[in-house]
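Peer 1: Residue numbers (our numbering), protein chains in the order written: chain W, 1 to 485; chain H, 1 to 93; chain D, 1 to 491.
Because the hints were derived from the structure by calculation, they are not lab data.
Misleading hints may appear alongside valid ones.
Unchecked claim - Straight line, CA to CA, 27 Å or less: simulated DSS-like cross-link-like pairs of lysine-lysine:
| hint | chain 1 | residue 1 | chain 2 | residue 2 |
| --- | --- | --- | --- | --- |
| 1 | W | K130 | W | K17 |
| 2 | H | K84 | W | K130 |
| 3 | W | K387 | W | K449 |
| 4 | D | K396 | D | K261 |
| 5 | W | K192 | W | K17 |
| 6 | H | K39 | D | K415 |
| 7 | H | K23 | D | K8 |
| 8 | H | K23 | H | K39 |
| 9 | W | K114 | W | K130 |
Unchecked claim - Sample of chain D residues at the chain W side, in silico, Cβ under 7 Å:
| hint | residue |
| --- | --- |
| 10 | G203 |
| 11 | V205 |
| 12 | S239 |
| 13 | L367 |
Just so you know, these numbers come straight off a predicted model, no measurement behind them.
Idealized CB from N, CA, C, for every residue including glycine.
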Amino acid sequence: MSDYEAVIGLEIHAELKTDSKMFCSCDASFGGDPNTKTCPVCLGHPGVLPVLNRKAVELAMRLALALNCGISPHSIFHRKNYFYPDMPKNYQISQYDLPLGVGGYLDIEVEGEKVRVGITRAHLEEDTGKSIHISESGRIHGAVYSLEDFNRAGVPLLEIVTEPELRSPEQARVFVQELKSIMEHLEVSDCKMEEGSLRCDANVSLRPCGSEEMGVKAEVKNMNSFRALYRALDYEIRRQEELLESGGEVVQETRHWDADANVTTTLRTKEYAYDYRYFPEPDLVPLELDESFIENVSAGLFEMPADRRKRFCEEYGLPEHDAVLLTSSKAMGNFYDAAVGEGVDPKAVSNWMMGELSAFLNAHNIEIENVRITPVQLAMMIAMVEKGVISGKIAKTVFEEMLNTGDDPDVIVDRKGITQISDEDKLEEIIVEAVSENPNSIEDYRGGKKKALGFLVGQVMRKTKGRANPQLVNEMLRSYLEEQG
Amino acid sequence: MIGVEDVEYVAWLARLELSDEEKRMFTRQLGQVLEHAQKIKSLHTDEVEPTSHVVPMSNVMREDRTLPCISQEEALSNASWREKGYFRVPRIL
Amino acid sequence: MRALYSLKAWELRELLRRREVSAVETLRSVLDRVEAVEKRVNSFITLTAEDARRAAEHADERLEKGETPLETAGLPMAVKDVLCTRGIRTTCGSRMLENFVPVYDATVVERLRRGGLTMVGKANMDEFAMGSSNENSFFGPTRNPWDLDRVPGGSSGGPAAAVAAGEAVWALGSDTGGSIRQPASLCGLVGLKPTYGLVSRYGLVAFASSLDQVGPITRDVRDCAGLLSLIAGYDPMDSTSLEVDVPDYQAALEGEISGLKVGVPHELMREGLTPGVEEAVRRSLRLFQELGAEVEEATLPHVDYALSAYYIIAPAEASSNLARYDGVRYGFRVEGAGDMMELYGATRAAGFGPEVKRRIMLGTYALSAGYYEAYYSQAQKIRTLILGDFNSAFEKFDVLVSPTSPTPAFKLGEKVEDPLAMYMSDVCTIPVNLAGIPAISIPCGLDGGLPVGLQIMGRVLDEPTLLRVARVMEEALGFDEQPDPDRGVES
Ligand SMILES: [Mg+2]
Ligand SMILES: [Zn+2]
Chain W
1 MSDYEAVIGL EIHAELKTDS KMFCSCDASF GGDPNTKTCP VCLGHPGVLP VLNRKAVELA
61 MRLALALNCG ISPHSIFHRK NYFYPDMPKN YQISQYDLPL GVGGYLDIEV EGEKVRVGIT
121 RAHLEEDTGK SIHISESGRI HGAVYSLEDF NRAGVPLLEI VTEPELRSPE QARVFVQELK
181 SIMEHLEVSD CKMEEGSLRC DANVSLRPCG SEEMGVKAEV KNMNSFRALY RALDYEIRRQ
241 EELLESGGEV VQETRHWDAD ANVTTTLRTK EYAYDYRYFP EPDLVPLELD ESFIENVSAG
301 LFEMPADRRK RFCEEYGLPE HDAVLLTSSK AMGNFYDAAV GEGVDPKAVS NWMMGELSAF
361 LNAHNIEIEN VRITPVQLAM MIAMVEKGVI SGKIAKTVFE EMLNTGDDPD VIVDRKGITQ
421 ISDEDKLEEI IVEAVSENPN SIEDYRGGKK KALGFLVGQV MRKTKGRANP QLVNEMLRSY
481 LEEQG
Chain H
1 MIGVEDVEYV AWLARLELSD EEKRMFTRQL GQVLEHAQKI KSLHTDEVEP TSHVVPMSNV
61 MREDRTLPCI SQEEALSNAS WREKGYFRVP RIL
Chain D
1 MRALYSLKAW ELRELLRRRE VSAVETLRSV LDRVEAVEKR VNSFITLTAE DARRAAEHAD
61 ERLEKGETPL ETAGLPMAVK DVLCTRGIRT TCGSRMLENF VPVYDATVVE RLRRGGLTMV
121 GKANMDEFAM GSSNENSFFG PTRNPWDLDR VPGGSSGGPA AAVAAGEAVW ALGSDTGGSI
181 RQPASLCGLV GLKPTYGLVS RYGLVAFASS LDQVGPITRD VRDCAGLLSL IAGYDPMDST
241 SLEVDVPDYQ AALEGEISGL KVGVPHELMR EGLTPGVEEA VRRSLRLFQE LGAEVEEATL
301 PHVDYALSAY YIIAPAEASS NLARYDGVRY GFRVEGAGDM MELYGATRAA GFGPEVKRRI
361 MLGTYALSAG YYEAYYSQAQ KIRTLILGDF NSAFEKFDVL VSPTSPTPAF KLGEKVEDPL
421 AMYMSDVCTI PVNLAGIPAI SIPCGLDGGL PVGLQIMGRV LDEPTLLRVA RVMEEALGFD
481 EQPDPDRGVE S
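Okay, chain W solo, but in the shape it has when bound (with noise of 0.2 Å):
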């Protein structure tokens, strides 16, 4: 245990779903052939002007609202200025002293444990171009020389950042995979850490346990997937402790979360500290955002994961456990949604997507969003084992071949002849046949040994590949070995 308490803030950038860029009408879509997605605009060429995409304040207000955050009736834009060849102007229109929202806070739950972080702000910027590096790692030490795309230059963000309350790598976690279900439950951004529509910075510090003033913290970036944001973090606390406990001091500067060496290595210390020179942007005019504005992009009309969850419990009787899974993507939701509305057992669904959908997904690694099943496919199949049609055993090679081929149960049924055995005349045959081959079973079971009965189900369904109903199989049996008596 140690003498040290982790201070954890998060600053988190999040890609708005737009069509548009923030202040040009370029397609602002993820990818494409470099330098593709661009006007003079999102250029910086020499004469233009930015124009704000109302879409971008819409979706930013909505978020901030879903955050508990008040919005400012007066909010206005800035200049940021720094020079980095990602920045087609030289400096980055944010917003500073008066952001969109302000003061909110979010919810967690970490081990059992309810934790609420406070939002900062959260305000609107926008996104730069993107730097390939070129290099043996690829990384920007070391690079010969870099290659610029602008595609993503202008691409509108919104910028969140909490209160230093979190305490540890898994809260941190926690906290960004609540806020990407959220935001994702909102259509505010796709948040997709892969493609950086999510990016998510730290800073990190220590302090001796119970004491109040803050240590010198480290920013922490290049953390994108959930898994990198709780090692990079828990490395950064690591390496603080035993720096701490050596004696050693910590220095501010910003560190580059290293994946594949698991460790975090200095990025750049200042040489002077940062001089962004703010300013009030005099090519935008201010926002001010009424009543009226903010009722048509209220969050109340997108039910929210929480919410969600609890229905899950409430209305189809599922165990917290089971809700929780199925609201950690929106996408999950809609599929569990969609499946059950088909009228089939909320529970039997809930099984067979934590089960056998998620293993598939997790052993391929795909979103759901791709899989080939559809919601109504996986509740056909369901109805068919409920009907009895199929056997819950074969339903795991039918859905197999659903994932694989996405064609409709029956179909396959019908295509592999797998449907269960209920005729009771064809069993009859079988169930004689079985017997006739193992006389000493008779003896066996007048003699008492019920397993008997289990070894001549065992036949049977051998005799059937596993079609026949084994309930119907079992009766029978029992009665037959009667009669014989």
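For chain W, the structure is supplied; the task is to place chains H and D with the ligands on it using the hints.
Peer 2: Frame of chain W, contents of chains H and D with the ligands only:
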């Protein structure tokens, strides 16, 4: 009121390489201009709101619609150093 | 008859309409004039004779079909090289953009093209519009057609000189602290700085975004009104563009000024005025009275702080606006820089001239940590006070008048070494930009054979009154001087 080290710091912020001659000149000239600007400090303005827009306006926004972008060739047409459709720059760090 | 190149645009348009001259003839007259004087005046950075010829021919085709000519068709224009022109290099008078070819047209240029723009060339200017003498151009100074040893003013010195020398019949300039009015004044022309937001800034290479405006430089007030009506109006590409109906400026020219309330801010009639300038302005004031206007002293108590506030705000905005010139996406770039730091530092050191560097340094300093409140924020507050001064003055007066420039054209090199003295020459024009109001400069006499300008300032969006007053005064003043052949460009 403004020394060479101020000039050097500002030149670094502005990414301007200055010769020693220029440093001396700017130290002198900026000094003069700022000297002249001192008078604005003397004015009592605590209850005055700063003006960044002379004609008051607010909520100027465009609808979220895309328009055709310029071609990659056009985008790069004025760049003196390019490679495979990218703008090329020297080592960043 | 006077040479075609020396006529006003509206006169030429009449001749074209009546088929008495052709657009091609008119253009030839102007191009011959360019041929004759450009070497000495240096009004242009880039000549676009071919484009102009095509536009002129197209204009003549329309005329032959009996169609009425488009508003600017066949009327040779000079466009300040601060306005982006698609496919035509746009340098801003800087080495930094020596080879920059825009991929788009400024909104005003686009509008003029629809009106049949016949552009002679991109006119010379102080680098990035920073200057009052046109001596800060990377492409060499422009000289005043009235006296080649003197400056034409700046930063729109090229456009003004071109029109004064007959190298164009009218021109488009930009005004951040007086850059249209002061050169117009020094070259004996009419120059208008419109209300901030009346004319789109899209495609105007930014100097100080909250002060910049595009406006006409012409030979008389009628042409000024004509050109203004072509470029004014809302532009969705400019968030600061005003969504207002553009009045009929031509119609506004009609009418008298008896009963007009004219205020004369005493703060703008003080030290620094040459006797000649003061005399010319006083004479104008007497004329106002003779025409039935009421002339009274006015006051703008905080205007003494305007120059200082301006030389904080403008450089601060400029330091940010000019950060984009780094040699990466366009523009000048030094060879062989080992890393970005070097590329930035060396490119900007070699690409910018001394005045631009001076203002970038000044603006960066004013915004840097610890100085923002004392300088930039304080300057913005003074801006509020000056705005207030004008508002209360306009409660009492319809227009305010002052000299445009405290002195007539000064000699080349006279103020190069002394930035502060140079800055002083905008002392009467700067307050107008800080307040965002419109102002026009018209010639009101000569001082030692050099033109003197009268500045008339009006309420926000009250260009109609300005133009009416200017036209009436123009008539009364009867200024019809041309550059003196013996001292001017013919020598
Ligand atoms: Mg940010
Ligand atoms: Zn764009």
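Peer 1: Does each hint fit the structure? Answer for all of them.
Peer 2: Here is what the structure says about each hint:
1. For the given pair, W:K130 sits about 19 Å from W:K17 by alpha-carbon distance, which is consistent with the 27 Å threshold.
2. About 15 Å separates the Cα atoms of H:K84 and W:K130, which keeps this hinted pair within 27 Å; it holds.
3. Distance check on the hinted pair: W:K387 and W:K449 sit about 33 Å apart at the alpha-carbon level, beyond 27 Å; violated.
4. For the hint pairing D:K396 with D:K261, the CA-to-CA distance comes to about 7 Å; that is within 27 Å, so the pair holds.
5. Taken as a hint, the W:K192 and W:K17 pair is honoured in the structure, with Cα atoms around 11 Å apart against an allowance of 27 Å.
6. Restraint check for H:K39 and D:K415: the C-alpha separation of about 23 Å stays at or below 27 Å, so the hint holds.
7. At most 27 Å may separate the alpha-carbon atoms for a hinted pair to count; H:K23 and D:K8 exceed this at roughly 48 Å.
8. For the given pair, H:K23 sits about 25 Å from H:K39 by alpha-carbon distance, which is consistent with the 27 Å threshold.
9. Simply put, W:K114 and W:K130 have alpha-carbon atoms about 38 Å apart, too far for the 27 Å limit, and the pair is violated.
10. Contact between D:G203 and chain W, as hinted, is supported at the beta carbon level, the nearest pair being about 4 Å apart and thus within 7 Å.
11. Because the smallest distance between the Cβ of D:V205 and any Cβ of chain W comes to about 4 Å, under 7 Å, the interface hint for this residue holds.
12. A distance limit of 7 Å between C-beta atoms decides the matter here; for D:S239 the minimum to chain W is near 5 Å, and the interface restraint holds.
13. The criterion of a C-beta within 7 Å of any C-beta in chain W is met by D:L367, whose closest approach is roughly 4 Å, and the hint holds.
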